[in-house]
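Enquirer: Spelled out, the chains give:
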Amino acid sequence: MTNLPLRSLSIVAFLALWAALAALAGRHDVPAPSTVLSILIREAQSGDLFFHLGATLARVVAAFTLAMAAGSAIGIAMGQSRVTDRLLDPWVILMINLPALVIIVLCYIWIGLTETAAILAVSLNKVPNVIITVREGARALDPKLSEMAAVFRFSRWKTIRHVVLPQMQPFIAAAGRSGLSLIWKIVLVVEFLGRSNGVGFQIHLYFQLFDVASVLAYALAFVVVMLAIEFMVVQPVEQHLTRWRSKPA
Amino acid sequence: MNSISPVGGASPLEVRIRRKSFASADRSETEVLRDLAFSLAPATFNCLIGPSGCGKTTTLRILLGLDRDYDGTVRWPKPDMRIAAVFQEPRLLPWRTVDQNVRLALPDGASPDLDTLYRVLGLAEMRTRYPAELSLGLERRVALARAFAVMPDVLLLDEPFVSLDEHTADRLRDLLVDLAVMHAVTVLMVTHNVREAARMADRLLLINGRPARIVGDVMVPMPRSARHGTDFGLFLEQLMRQHPGTVRI
Chain A
1 MTNLPLRSLS IVAFLALWAA LAALAGRHDV PAPSTVLSIL IREAQSGDLF FHLGATLARV
61 VAAFTLAMAA GSAIGIAMGQ SRVTDRLLDP WVILMINLPA LVIIVLCYIW IGLTETAAIL
121 AVSLNKVPNV IITVREGARA LDPKLSEMAA VFRFSRWKTI RHVVLPQMQP FIAAAGRSGL
181 SLIWKIVLVV EFLGRSNGVG FQIHLYFQLF DVASVLAYAL AFVVVMLAIE FMVVQPVEQH
241 LTRWRSKPA
Chain B
1001 MNSISPVGGA SPLEVRIRRK SFASADRSET EVLRDLAFSL APATFNCLIG PSGCGKTTTL
1061 RILLGLDRDY DGTVRWPKPD MRIAAVFQEP RLLPWRTVDQ NVRLALPDGA SPDLDTLYRV
1121 LGLAEMRTRY PAELSLGLER RVALARAFAV MPDVLLLDEP FVSLDEHTAD RLRDLLVDLA
1181 VMHAVTVLMV THNVREAARM ADRLLLINGR PARIVGDVMV PMPRSARHGT DFGLFLEQLM
1241 RQHPGTVRI
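Protein chains in written order, with this note's numbering: chain A, 1 to 249; chain B, 1001 to 1249.
Please note: incorrect hints may appear among the correct ones.
Pulled from the structure, derived: some chain B residues nowhere near chain A, Cβ distances all over 10 Å [what the hints assert, rightly or not]:
hint: 1; residue: Ser1021
hint: 2; residue: Ser1039
hint: 3; residue: Gly1065
hint: 4; residue: Leu1104
hint: 5; residue: Glu1139
hint: 6; residue: Arg1173
hint: 7; residue: Met1182
Short derived list, chain B residues pointing at chain A, Cβ under 8 Å [said to hold, decoys possible]:
hint: 8; residue: Leu1064
hint: 9; residue: Leu1066
hint: 10; residue: Tyr1070
hint: 11; residue: Gly1072
hint: 12; residue: Ile1083
hint: 13; residue: Ala1084
hint: 14; residue: Ala1085
hint: 15; residue: Pro1094
hint: 16; residue: Arg1103
hint: 17; residue: Tyr1130
hint: 18; residue: Ala1132
Derived by calculation from the structure, the hints in this document are not laboratory data.
Source: prediction; values computed, not measured.
From the three backbone atoms N, C-alpha and C, an ideal C-beta is built for every residue, glycine too.
Make a model of the complete structure from these sequences and hints.
Expert: Structure follows, in structure tokens:
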């Protein structure tokens, strides 16, 4: 990590700029970094911060898993079968152009203000993106390896696990990466509109109180959580999955 | 062509391809095979010889069940025959190790003596390597190991030794013959190398023409141990005189 000093410099510069602007504005609704930090510490000590972060994180994980599983399955089916692709393509175009807010409102009205509705709404927003990315990968599957699997009578499951999924891995990883950030943003909207816990709910609360410092505190806390997931889960998993690629000399 | 009597009461593998054609880009049909018929007696080593582009690989793909768009029949002696193939390219799964590639091809419950097989093929040190870390020659050996490990009733090979150095190719040829004889495998090997075919096979099937058909069906008249020196040279010369368009040495 030779770029670590540069990165640290960049973060320090950002904080300094923020502090300077806050001092210049001198207003209650433009809080200084130190104010936000003290709120973070207060919320962490009371335990509220971790309760709400946990609630949001659980929804992110559930919606992400659901969207990736459904989107990958549909995407592979569409990439492999022209008939399926033609049948479902208009639906995908419809879904991807439907605003997130419309899907959320409809889910809440039809299913009720429940956890099921919240997670389903978030997943439905993400599924079409996953489908489109994964479909590209499924169209590029190597027929030579599929033939090998057919000749050696691989079972359906064996073929998917050992022949198809490894070829799909870069596409699924790409869908996952863009998915994680999209999903947590939509989870916040869902919580804002119809849940009684989570980061989105807290932001709703502090929005009504015009408490910008607390809004920022919760938003930043969750960004930190997402960064931790990136470095502690996403990157090690990717490294493990691509271990067979010969290392660049 | 029905004159070959089955060995040991088992019935032969019968191939009757009445017609096989490909549609070209300009929608015209090119007929590649017509009235191509032969049967393979159990536990015999057969080579399909012909100039490149004459339809040898197409014939093999039909036998492997990879091309079903043809007029004719392929009748297997038993419905649940174990088939293995060695393709022109090794067709290994790049994301699985040598050992995993071989084991994945095994039928459920099979536990062949892989240690011996790896040792014989010179792969003992390579079991945990990924295909990208192997030379083409080693990859070809893994493809052979995979085919043998299955303990097939019928083994189909498509130019398995091209682009190998002569020394390695010779060793692998001997190995293939030994294993095929030892396990009473019915072999059909596609090649354009007549010398290679005449050294290994019990029987040579010569195909040529557009559309291609069988133009010669020759039993190799000497035991494998005697296939060198002047007698073998004379046999090859005679073959060349009788089939000048098909046999070139």
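Enquirer: Compare the structure with each hint and give your call.
Expert: Hints, verified against the model:
1. Ser1021: Holds, since 20 Å exceeds 10 Å.
2. Ser1039: About 21 Å separates Ser1039 (chain B) from the closest Cβ of chain A, which puts it past 10 Å; holds.
3. Gly1065: 7 Å, violated
4. Leu1104: Violated, because the least Cβ-Cβ distance between Leu1104 (chain B) and chain A comes to about 6 Å, which does not exceed 10 Å.
5. Glu1139: 13 Å, holds
6. Arg1173: At about 22 Å from chain A, Arg1173 (chain B) clears the 10 Å cut-off, so the statement holds.
7. Met1182: 21 Å, holds
8. Leu1064: 5 Å, holds
9. Leu1066: 5 Å, holds
10. Tyr1070: At 16 Å from the nearest chain A Cβ, Tyr1070 (chain B) fails the 8 Å test, so the hint is violated.
11. Gly1072: 20 Å, violated
12. Ile1083: 7 Å, holds
13. Ala1084: At 7 Å from the nearest chain A Cβ, Ala1084 (chain B) passes the 8 Å test, so the hint holds.
14. Ala1085: Holds: closest Cβ of chain A sits about 5 Å from Ala1085 (chain B), inside 8 Å.
15. Pro1094: 6 Å, holds
16. Arg1103: For Arg1103 (chain B), the interface hint is violated, since the closest Cβ of chain A sits about 10 Å away, which is over 8 Å.
17. Tyr1130: This hint holds: Tyr1130 (chain B) lies near chain A, its Cβ roughly 4 Å from the closest one there, short of 8 Å.
18. Ala1132: Since chain A brings a Cβ to about 4 Å from Ala1132 (chain B), closer than 8 Å, the hint holds.
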